[in-house]
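**Student:** If you're matching them up, the sequences are chains Y and H in order. Numbering-wise, the first sequence is residues 1 to 230 according to the UniProt record's numbering. Numbering-wise, the second sequence is residues 1 to 340 according to the UniProt record's numbering.
Among these hints, one or two may not hold up.
What the hints assert, rightly or not - Straight-line distance between alpha carbons at most 30 angstroms, and here's what the computed DSSO-like set of lysine-lysine pairs gives:
1) Y:Lys-203 - H:Lys-304
2) Y:Lys-172 - H:Lys-212
3) Y:Lys-79 - Y:Lys-203
4) Y:Lys-79 - H:Lys-67
5) Y:Lys-95 - H:Lys-52
6) Y:Lys-167 - H:Lys-111
7) H:Lys-304 - Y:Lys-79
8) Y:Lys-227 - H:Lys-128
9) H:Lys-212 - Y:Lys-221
10) Y:Lys-79 - H:Lys-212
11) H:Lys-273 - Y:Lys-172
12) Y:Lys-167 - H:Lys-212
13) Y:Lys-227 - H:Lys-52
14) Y:Lys-79 - H:Lys-273
15) Y:Lys-215 - H:Lys-212
16) Y:Lys-167 - H:Lys-304
17) Y:Lys-221 - H:Lys-67
18) Y:Lys-227 - H:Lys-273
19) H:Lys-304 - Y:Lys-196
20) Y:Lys-79 - H:Lys-11
21) Y:Lys-167 - H:Lys-203
22) H:Lys-273 - Y:Lys-215
23) Y:Lys-79 - H:Lys-260
Claimed, not checked - Covered stretches of chain H, as calculated for chain Y (at least 3 residues, CB under 8 angstroms):
24) 130–143
25) 193–205
Treat the hints as calculated values from the structure; they're not laboratory data. Every residue gets a Cβ at the ideal spot worked out from N, C-alpha and C, and that includes glycine.
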Amino acid sequence: MASFIVVKKEDLEKKQNVEPCHTLRCLTSELGCLTRQDGSVSLSQGDTTSLAVVYGPAEVRISRELIDRATVELVYKPKVGLPRPADRKREQIMKSIFEATIITNLHPRSSITIILQETEDLGSNLACCINAACLALLDAAVNMSFMVAAVAVSVADEGQIKLDPSKNDEEKGRASITFVFDSVDLNVVSIVTSGKFSQIEYKAGLELAREASQKVFQFFKDSMSRKLIR
Amino acid sequence: MRETPLSNCEKEFILKNISEQRRLDGRNSYDYRDLRIAFGVSLGCCHVELGKTRVLAQVSCEVGQPKQTRPHDGVLYVNVELSPMACPSFEAGRQTEEGVELSRLMERCLKESRCMDLESLCIVAGEKAWHIRIDIHVLNHEGNILDCSSIAAIAALAHFRRPDVTVQGQEITIHSMEDRNPVPLSIHHIPLLVSFAFFIQGKYMIVDPSEKEEKVMEGKMVIGMNKHREICTLQVTGEMLLLKEQVLRCSNIAVMKVTKITELIHTALANDKQARLRGEKHGFAELISGEKLSSNQQPPIEVKPAFNIYEEDDDSMSSMESDESSLGHKVQEVDIKRYL
Numbered sequence: 001m002a003s004f005i006v007v008k009k010e011d012l013e014k015k016q017n018v019e020p021c022h023t024l025r026c027l028t029s030e031l032g033c034l035t036r037q038d039g040s041v042s043l044s045q046g047d048t049t050s051l052a053v054v055y056g057p058a059e060v061r062i063s064r065e066l067i068d069r070a071t072v073e074l075v076y077k078p079k080v081g082l083p084r085p086a087d088r089k090r091e092q093i094m095k096s097i098f099e100a101t102i103i104t105n106l107h108p109r110s111s112i113t114i115i116l117q118e119t120e121d122l123g124s125n126l127a128c129c130i131n132a133a134c135l136a137l138l139d140a141a142v143n144m145s146f147m148v149a150a151v152a153v154s155v156a157d158e159g160q161i162k163l164d165p166s167k168n169d170e171e172k173g174r175a176s177i178t179f180v181f182d183s184v185d186l187n188v189v190s191i192v193t194s195g196k197f198s199q200i201e202y203k204a205g206l207e208l209a210r211e212a213s214q215k216v217f218q219f220f221k222d223s224m225s226r227k228l229i230r
Numbered sequence: 001m002r003e004t005p006l007s008n009c010e011k012e013f014i015l016k017n018i019s020e021q022r023r024l025d026g027r028n029s030y031d032y033r034d035l036r037i038a039f040g041v042s043l044g045c046c047h048v049e050l051g052k053t054r055v056l057a058q059v060s061c062e063v064g065q066p067k068q069t070r071p072h073d074g075v076l077y078v079n080v081e082l083s084p085m086a087c088p089s090f091e092a093g094r095q096t097e098e099g100v101e102l103s104r105l106m107e108r109c110l111k112e113s114r115c116m117d118l119e120s121l122c123i124v125a126g127e128k129a130w131h132i133r134i135d136i137h138v139l140n141h142e143g144n145i146l147d148c149s150s151i152a153a154i155a156a157l158a159h160f161r162r163p164d165v166t167v168q169g170q171e172i173t174i175h176s177m178e179d180r181n182p183v184p185l186s187i188h189h190i191p192l193l194v195s196f197a198f199f200i201q202g203k204y205m206i207v208d209p210s211e212k213e214e215k216v217m218e219g220k221m222v223i224g225m226n227k228h229r230e231i232c233t234l235q236v237t238g239e240m241l242l243l244k245e246q247v248l249r250c251s252n253i254a255v256m257k258v259t260k261i262t263e264l265i266h267t268a269l270a271n272d273k274q275a276r277l278r279g280e281k282h283g284f285a286e287l288i289s290g291e292k293l294s295s296n297q298q299p300p301i302e303v304k305p306a307f308n309i310y311e312e313d314d315d316s317m318s319s320m321e322s323d324e325s326s327l328g329h330k331v332q333e334v335d336i337k338r339y340l
């Protein structure tokens, strides 16, 4: 069984009451947790967990074959029921992100398939999925021009910005924004927003998320080096 | 993606081993692989590992109309997802023979064994009843998905709690989870499936076949049984004939296996309940141990923005608010899905 640290309830509450806004929740990853795939990762951000697997470069269906580059396919699987339009939209967003990061020209007429399974959605699910997919691509040793890290922020009614929101924060807040950054100069790759927010709130959220994304990249590097070097 | 077939020499090797009472992973013929049951933070979410085979089951509920033929009963749906996540040869959205067999057996195990009291799910006869849905996601296929999913499904059902409902005259109130303690489903017994693989005209038999053994086997027998030794399902597939003694022997082995697994499910449920009561950490994040080389953990980090966004924020916010009152359009409704 997994070993874990027991945190007292009072301590946890105290901690949560003191600084709830600018903390990136605990990140936990397990690379290569499955056996049948080329790359697989289970990533937890706090209690939000997702599982990502990567196949490829492998043979592609003729109808989807591209002569000059690899076809990137992405499947997002919700935990309950069949995929709905919202899930398809999410799929499209993530697909376009990874089409940009993967150097597809290196593997013409082949496919790189990413499959994401939502295992627990307790806030910032999209960010967790993107991070898991990026780690899975690293685990499968797919060539990428840069890594991506996603960080979510939510805007509360009073305009307070919460980094890496929990489900509760997301529901209570008036807006939530997911920023995706590249690892080279921390530029924005993609933004997914919902709700109402002002320009200032957006900028504050962007700066906060940019800072947090560095920690996520550090975590990616640590995870990979732990696996490869030690 | 196409599946890599098993080579002839591999096949012969496995068969030779089995005829010498040996198995590739060092197990005895009647041994199960290690079983690990974990529950998620959300109710009715169960994750089962049988060796390297992994299955995730999630139970959900909604209020709907009961079936016309059974107006006093709730409805139970079983959905088994064999997606390419588990194994490259599975295809999304296309039902294979294997997939149909799997979901049919799961249905027989859960629905037709009447392990769940469907009558208690009725709210208003003929009009409103709970629809319970189990989604079973196979995450990794290393053989014997069936046993693994049956464990995951029944454990998830036992873990699940539905919102409480009160009916007063014509008025139906569904209480939120905070309002009233959610109610567990009433489960009469725990049926579990045990698979047996047969080789060389039923001469050799093994329990819990691995993925490679499944490719070599001639036939399979599945016994669904609960700990009271009641057989709920029995299915034989493949091209072989079995003797009466063999069926009896299998059912005797199944009794032992089922008793053991049922105990394990109960301990896992009790552990989870204890952890929740004490407010300890639970859920999948705890499943990944920090000791392994392939796993990594970063404790919660406080992020300090490069410049003080709050100072700027506060100033501008107050000015914003005053602006807002005079100029309503200052706060823009932005919904960008931009690509930079």
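**Student:** Hint by hint, note whether the structure agrees.
**Tutor:** Tested hints:
1. The suggested pairing of Lys-203 of chain Y with Lys-304 of chain H holds, with an alpha-carbon distance near 15 angstroms, which does not exceed 30 angstroms.
2. About 50 angstroms separates the Cα atoms of Lys-172 of chain Y and Lys-212 of chain H, which puts this hinted pair outside 30 angstroms; it is violated.
3. For a cut-off of 30 angstroms, the pair hint linking Lys-79 of chain Y to Lys-203 of chain Y is broken: about 33 angstroms separates their Cα positions.
4. At most 30 angstroms may separate the alpha-carbon atoms for a hinted pair to count; Lys-79 of chain Y and Lys-67 of chain H meet this at roughly 25 angstroms.
5. Taken as a hint, the Lys-95 of chain Y and Lys-52 of chain H pair is honoured in the structure, with Cα atoms around 29 angstroms apart against an allowance of 30 angstroms.
6. Proposed proximity of Lys-167 of chain Y and Lys-111 of chain H is contradicted: the alpha carbons are some 34 angstroms apart, above 30 angstroms.
7. At most 30 angstroms may separate the alpha-carbon atoms for a hinted pair to count; Lys-304 of chain H and Lys-79 of chain Y exceed this at roughly 34 angstroms.
8. About 53 angstroms separates the Cα atoms of Lys-227 of chain Y and Lys-128 of chain H, which puts this hinted pair outside 30 angstroms; it is violated.
9. For the hint pairing Lys-212 of chain H with Lys-221 of chain Y, the CA-to-CA distance comes to about 36 angstroms; that exceeds 30 angstroms, so the pair is violated.
10. Proposed proximity of Lys-79 of chain Y and Lys-212 of chain H is supported: the alpha carbons are some 29 angstroms apart, at most 30 angstroms.
11. Taken as a hint, the Lys-273 of chain H and Lys-172 of chain Y pair is honoured in the structure, with Cα atoms around 28 angstroms apart against an allowance of 30 angstroms.
12. At most 30 angstroms may separate the alpha-carbon atoms for a hinted pair to count; Lys-167 of chain Y and Lys-212 of chain H exceed this at roughly 42 angstroms.
13. As the CA atoms of Lys-227 of chain Y and Lys-52 of chain H are separated by approximately 19 angstroms, the hinted pair is consistent with the 30 angstroms bound.
14. The hinted pair formed by Lys-79 of chain Y and Lys-273 of chain H meets the criterion: a straight-line CA distance of about 22 angstroms does not exceed 30 angstroms.
15. Simply put, Lys-215 of chain Y and Lys-212 of chain H have alpha-carbon atoms about 42 angstroms apart, too far for the 30 angstroms limit, and the pair is violated.
16. Of the pairs offered as hints, the one joining Lys-167 of chain Y and Lys-304 of chain H holds, with about 23 angstroms between alpha carbons and a cut-off of 30 angstroms not exceeded.
17. With a C-alpha separation of about 54 angstroms, the suggested pair Lys-221 of chain Y and Lys-67 of chain H falls outside the 30 angstroms cut-off, and the hint is violated.
18. A hinted pair counts as satisfied when its Cα atoms are at most 30 angstroms apart, and Lys-227 of chain Y with Lys-273 of chain H does not qualify at roughly 34 angstroms.
19. Proposed proximity of Lys-304 of chain H and Lys-196 of chain Y is supported: the alpha carbons are some 25 angstroms apart, at most 30 angstroms.
20. For the given pair, Lys-79 of chain Y sits about 37 angstroms from Lys-11 of chain H by alpha-carbon distance, which is inconsistent with the 30 angstroms threshold.
21. Using a Cα cut-off of 30 angstroms, the hinted pair Lys-167 of chain Y and Lys-203 of chain H is violated, with the two alpha carbons roughly 56 angstroms apart.
22. In summary, the hint linking Lys-273 of chain H to Lys-215 of chain Y is not supported, as the alpha carbons are separated by about 34 angstroms, beyond the 30 angstroms threshold.
23. Note on Lys-79 of chain Y and Lys-260 of chain H: the hinted pairing holds, with a Cα-Cα distance of about 29 angstroms set against a maximum of 30 angstroms.
24. Requiring three or more residues with a Cβ within less than 8 angstroms of a Cβ of chain Y, the coverage given for the stretch 130–143 of chain H holds, as 7 such residues are present.
25. With 0 residues having a Cβ less than 8 angstroms from any Cβ of chain Y, the stretch 193–205 of chain H misses the three-residue criterion, and the hint is violated.
Of the hints listed earlier, those the structure fails to meet are numbers 2, 3, 6, 7, 8, 9, 12, 15, 17, 18, 20, 21, 22, 25, in rising order.
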